[in-house]
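If you're matching them up, the sequences are chains A and B in order.
In case it helps, the UniProt record's numbering puts the first sequence at residues 1 to 348.
In case it helps, the UniProt record's numbering puts the second sequence at residues 1 to 338.
Treat the hints with care, as some may be off.
List time: in silico PhoX-like cross-link candidates among lysine-lysine, alpha-carbon distance up to 25 Å [unchecked claim]:
#: 1; chain 1: A; residue 1: K344; chain 2: B; residue 2: K158
#: 2; chain 1: A; residue 1: K344; chain 2: B; residue 2: K245
#: 3; chain 1: A; residue 1: K344; chain 2: B; residue 2: K164
#: 4; chain 1: A; residue 1: K344; chain 2: B; residue 2: K317
#: 5; chain 1: A; residue 1: K229; chain 2: B; residue 2: K207
#: 6; chain 1: B; residue 1: K207; chain 2: A; residue 2: K117
#: 7; chain 1: B; residue 1: K292; chain 2: A; residue 2: K308
#: 8; chain 1: A; residue 1: K344; chain 2: B; residue 2: K142
#: 9; chain 1: A; residue 1: K344; chain 2: A; residue 2: K308
Note that these hints are calculated values from the structure, not bench results.
Note that the coordinates shown come from a computational prediction; the quantities given were computed from them, not determined experimentally.
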Amino acid sequence: VLCSLHGLPLPSSGYSFHDIANVQIYMYTPRLYLQTMVQEQILSWYYGVWTLRGSSGNIQIFSIHSFYSTFLLLKMAVHGPFVKIHPVVLASIADSYERRNEGASRVIGTLLGTIDKHSVEVTNCFSVPHNESEDEVAVDMEFAKNMYELHKKVSPSEVIIGWYATGYDITEHSVLIHEYYSREAQNPIHLTVDTALQSNRMNIRAYASAQMGVPGKTVGVMFTPLTVKYVYYDTERIGVDLLQRTRASPTRTNGLTSDLAQVASAAGRIQEMLNTVLSYIEDVLSGKVMADNSVGRFLMDLVNKVPKISVEDFESMLNSNINDLLMVTYLANLTQAQIALNEKLVVL
Amino acid sequence: MATMAARKEPVAPAPCSLDSQVKRIQIDGLVVLKIIKHYQEEGQGSEVVQGVLLGLVVDDRLEITNCFPFPQHTEDDADFDEVQYQMEMMRSLRHVNIDHLHVGWYQSTYYGSFVSRALLDSQFSYQHAIEESVVLIYDPLKTAQGSLCLKAYRLTPKLMEICKEKDFSPEGLKKANIGYEHMFEEVPIVIKNSHLMNVLMWELEEKSTMADKHELLSLSSSNHLEKSLQLLMDRVDEMSQEIVKYNSYCRNLSKQQQQKHQYLQRRQQENAQRQSRGEPPLPEEDISKMFKPPPPPPRMDTLLIAGQINNYCQNVKEFTSQNLGKLFMAQALQHPSS
Numbered sequence: 001v002l003c004s005l006h007g008l009p010l011p012s013s014g015y016s017f018h019d020i021a022n023v024q025i026y027m028y029t030p031r032l033y034l035q036t037m038v039q040e041q042i043l044s045w046y047y048g049v050w051t052l053r054g055s056s057g058n059i060q061i062f063s064i065h066s067f068y069s070t071f072l073l074l075k076m077a078v079h080g081p082f083v084k085i086h087p088v089v090l091a092s093i094a095d096s097y098e099r100r101n102e103g104a105s106r107v108i109g110t111l112l113g114t115i116d117k118h119s120v121e122v123t124n125c126f127s128v129p130h131n132e133s134e135d136e137v138a139v140d141m142e143f144a145k146n147m148y149e150l151h152k153k154v155s156p157s158e159v160i161i162g163w164y165a166t167g168y169d170i171t172e173h174s175v176l177i178h179e180y181y182s183r184e185a186q187n188p189i190h191l192t193v194d195t196a197l198q199s200n201r202m203n204i205r206a207y208a209s210a211q212m213g214v215p216g217k218t219v220g221v222m223f224t225p226l227t228v229k230y231v232y233y234d235t236e237r238i239g240v241d242l243l244q245r246t247r248a249s250p251t252r253t254n255g256l257t258s259d260l261a262q263v264a265s266a267a268g269r270i271q272e273m274l275n276t277v278l279s280y281i282e283d284v285l286s287g288k289v290m291a292d293n294s295v296g297r298f299l300m301d302l303v304n305k306v307p308k309i310s311v312e313d314f315e316s317m318l319n320s321n322i323n324d325l326l327m328v329t330y331l332a333n334l335t336q337a338q339i340a341l342n343e344k345l346v347v348l
Numbered sequence: 001m002a003t004m005a006a007r008k009e010p011v012a013p014a015p016c017s018l019d020s021q022v023k024r025i026q027i028d029g030l031v032v033l034k035i036i037k038h039y040q041e042e043g044q045g046s047e048v049v050q051g052v053l054l055g056l057v058v059d060d061r062l063e064i065t066n067c068f069p070f071p072q073h074t075e076d077d078a079d080f081d082e083v084q085y086q087m088e089m090m091r092s093l094r095h096v097n098i099d100h101l102h103v104g105w106y107q108s109t110y111y112g113s114f115v116s117r118a119l120l121d122s123q124f125s126y127q128h129a130i131e132e133s134v135v136l137i138y139d140p141l142k143t144a145q146g147s148l149c150l151k152a153y154r155l156t157p158k159l160m161e162i163c164k165e166k167d168f169s170p171e172g173l174k175k176a177n178i179g180y181e182h183m184f185e186e187v188p189i190v191i192k193n194s195h196l197m198n199v200l201m202w203e204l205e206e207k208s209t210m211a212d213k214h215e216l217l218s219l220s221s222s223n224h225l226e227k228s229l230q231l232l233m234d235r236v237d238e239m240s241q242e243i244v245k246y247n248s249y250c251r252n253l254s255k256q257q258q259q260k261h262q263y264l265q266r267r268q269q270e271n272a273q274r275q276s277r278g279e280p281p282l283p284e285e286d287i288s289k290m291f292k293p294p295p296p297p298p299r300m301d302t303l304l305i306a307g308q309i310n311n312y313c314q315n316v317k318e319f320t321s322q323n324l325g326k327l328f329m330a331q332a333l334q335h336p337s338s
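Here chain A stands alone, though its shape is the one from the complex:
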């Protein structure tokens, strides 16, 4: 709940500040504190105290532990700190960014998913055409509604849970768009994906919005960051693993392997992992690395996983299994020969 603001100038309109020093800022309800928030600048946080410069120039001080009591209120207001994203969504976003119109610097779209008690799960998305210029922003709402209807026909359990935008910052236009989305869903999530790769990373962040400011007078919106987790279905995981192999090839392509090649590559992977473990053990034994008890326990588990069976028992099990498989193969071949024969006989 702590944040360090030393010397950082905030946007003077006070509409949004975000992700300062990668710490979550929990918001405060205006009716309890910060009555004179809007158009003020947070000067510094110092020894647990917020210092703010009021619009009239006076300096007010709020103590930070008053925020803790509103922590619980906050937890119920927002969905909870986790946003679970499926890789499909990110792939879609990347794809729609690549296909953006000429001159558009970013793309926006709707996020669909399911809401849980503790978290939000984003499972699908679609992009929405919009125009953005210096002073105005236009979003094709009809289109968004239509697409949502179409999507609902396929997966009726998905609801609008927010929207996404590519790009690094939250701009003023985002606030407007966010307002529109808050009409569609309660507490919409805002996801930003930095496709322009500023800071050499593709930063993926999620925000929830909250009101702040003086009730009755000017109010503003603050975006509080949420934790992003990536979740996969099992099959998705396997698909993503396959896709990751395209990174290795120079033409970014990858064929689908079959049969024994797959088993061979899986065996190769396990061998690599074993090598890593072995080198770690060597290091520990030679004293280069400190021994860690928990790792040692895992190693014990690993070694014990290979079942200790007497040789004859194992041989008999192995042989019976192999016999089964061979028999099935034989039958399959027999069937194939049979139908081929039948084919030829009919044609006669």
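Following the hints, put chain B in place on chain A, whose structure we already have.
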């Protein structure tokens, strides 16, 4: 469903003996993820999930760049218009610069049983309209076992001819000289990611945990094997029924031929006798009306069943070869000295 070449070389992808222009298929990573997700969310318990593939043809490749799912055929939504859904979807996608050209469709399958009349008809209508269209078969159960199982098929030109003429009798098929292996041809698939997607993959790898289930190396095989064999047995039963039908038809036909022959002979004899006696010969009767040949059973279903059986056998053989490999690995673990 595999081509003849694929049967001989199970490891290498089937060399294409396609007459048409498209020799390879290139799929975007996004499409793969979408197909997986669609089955995962909507496919549990129901038969198949289907959807449309979008993309375009470039040189000798068919590029599939996006896809969207089809809603299930719901019982309570009788007035649901599929065509309208499709049109609306494609129009909307065009607004966001997604390729809106139809290039095929995808379907999920259960243990590899997808060779059916329905599939044939759908694919035929697609291919009739768009020459290069393909059907992507996604096998979720095999994928869950460890590696993505996605295959692309297309009807051979010979089969297209036959479907066009709708002549499924034995003579028709004999003329076309088509066997169950020549019905579908498999097109090799390549997965391609754009640079941005690659960046995304790097990000994901950093942020997400290691997959803790390595299903590929699991030794438990009996369940899957049982299921496959059961389906295989059902099909073989159907096949034998068809064969019995055909056999009886052949027998009836030959019996009829014999009867015809006998009748003609008797006729001739009688005519000869009458002539010798000086009476006018009996009028020639229309033989075909008397001995109406039995209708030949349509052979298309038999072909389909044969193709399906072939597919099952292929899958079973792949599965057993993988399992043999795994068993040998387990043996190696048990005998560390060897």
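Take the C-alpha atoms of B/K207 and A/K117, compute the straight-line distance between them, and say whether it is at most 25 Å.
-> holds (24 Å)
Can the restraint linking A/K344 and B/K317 be considered satisfied, given a maximum Cα separation of 25 Å?
-> holds (23 Å)
Does the structure keep A/K344 and B/K164 at a Cα separation of 25 Å or less?
-> holds (24 Å)
Pair hint A/K344 and B/K158, alpha-carbon separation not exceeding 25 Å = Cα-Cα ~18 Å, so holds.
Holds or violated: A/K344 to B/K245, with C-alpha atoms at most 25 Å apart | At roughly 17 Å apart (the allowed maximum being 25 Å), B/K245 and A/K344 satisfy the hint.
Within 25 Å, alpha carbon to alpha carbon, are A/K344 and A/K308?
-> Violated. A/K344 to A/K308 sits at ~53 Å, over the 25 Å cutoff.
Given the hint that B/K292 pairs with A/K308, does the C-alpha gap stay at or below 25 Å?
-> Given pair B/K292, A/K308 is violated - Cα atoms ~74 Å apart, limit 25 Å.
A/K344 and B/K142: Cα distance at most 25 Å?
-> violated (32 Å)
For the pair we were handed, A/K229 and B/K207, check the Cα-Cα distance against 25 Å.
-> holds (8 Å)
Hint compliance for this structure: hints 7, 8, 9 are broken, all remaining hints hold.
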